[in-house]
Every structure is written in structure tokens, then in C-alpha cells.
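Undergrad: Start from the sequences and build out the full structure, keeping to the hints where you can.
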Amino acid sequence: MDSGIVGEMAEMLASSQRGWVIGHFAEGPFKMSQFEVKLWEYVDQPIYPRKTFAGHEFILVAGGALGLELILPSSEAKTIILRGDLRQFTLLLPGTSKIVKVVSAPVWGVTVRWPLSTVSE
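Heads up: the sequence shown begins at 6 in our numbering, then just goes up one per residue.
Any given hint could be a false lead.
Claimed, not checked - Pairs of lysine-lysine residues, derived as BS3-like cross-links and limited to a Cα-Cα distance of at most 30 Å, are as follows:
{"id": "1", "residue 1": "Lys106", "residue 2": "Lys83"}
{"id": "2", "residue 1": "Lys83", "residue 2": "Lys56"}
{"id": "3", "residue 1": "Lys83", "residue 2": "Lys36"}
{"id": "4", "residue 1": "Lys36", "residue 2": "Lys56"}
Derived by calculation from the structure, the hints in this document are not laboratory data.
TA: Structural data, given as C-alpha cells:
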């Protein structure tokens, strides 16, 4: 992103930043610890262990379909499927645990997290 304003998803996915546009994995002026934005694409099932985030997480699916196996802060287990053709999204509350499952590949979208505290299980 030469201008710091305009970029392409393919460029970010192929970069050393691996899709991180803003956050602690980003580079240059977009490296920050307040929040993070990641562009992502899965062409097959990623290795994604169960993760729990201490902050909020917003996930928007723009293409394909993504399944999320959730354990909510109330300890309730729930599975949701987000469809890209409907541009579905979810907002996960702090303390929600998740496993990502590719339902229809390729699947792609954007995730925003704030604050950046992550606890992996």
C-alpha cells in the first residue's frame, strides 16, 4: 500500500503482513495495539486451534461460507454459518471461544478486533 490509503486484498494476502492491514502484525504507520483489521481468504480448511479473545470481534464474510463453532461467555455452545452471498456478519462478545470451519471454499472476508488481548486455548 504505497499511498497508505488504497490497497488490494490480493496484495495484502500475498504480503509479509499475511492480510493484516491494521494492528500488531501490520507494518509501518498501521502497526498499532488499539485494534486490528485482517483481510483473509481460505481456499481450504486452515489449521485454526480453538481461540478465545478477551475483546470484541466483528467478522464479515464476503464470499463463500464460513462456519464458527462457538462457546459463548455463558458457556452455551453454538454453531453458526456465515454466507458470503448474503454478506453475513457476526459480532462476538469478549470471552467467546471459536473454531473456524470452511463450509464453502474459497471463503473470504474481513475481521476487526478490539482491544487486542488474545488468549489461545
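Undergrad: Give a verdict on every hint.
TA: Against the structure, the hints:
no.	hint	verdict
1	Lys106 - Lys83	13 Å, holds
2	Lys83 - Lys56	15 Å, holds
3	Lys83 - Lys36	33 Å, violated
4	Lys36 - Lys56	22 Å, holds
Hint 3 from the earlier list is the only one contradicted by this structure; the remaining hints agree with it.
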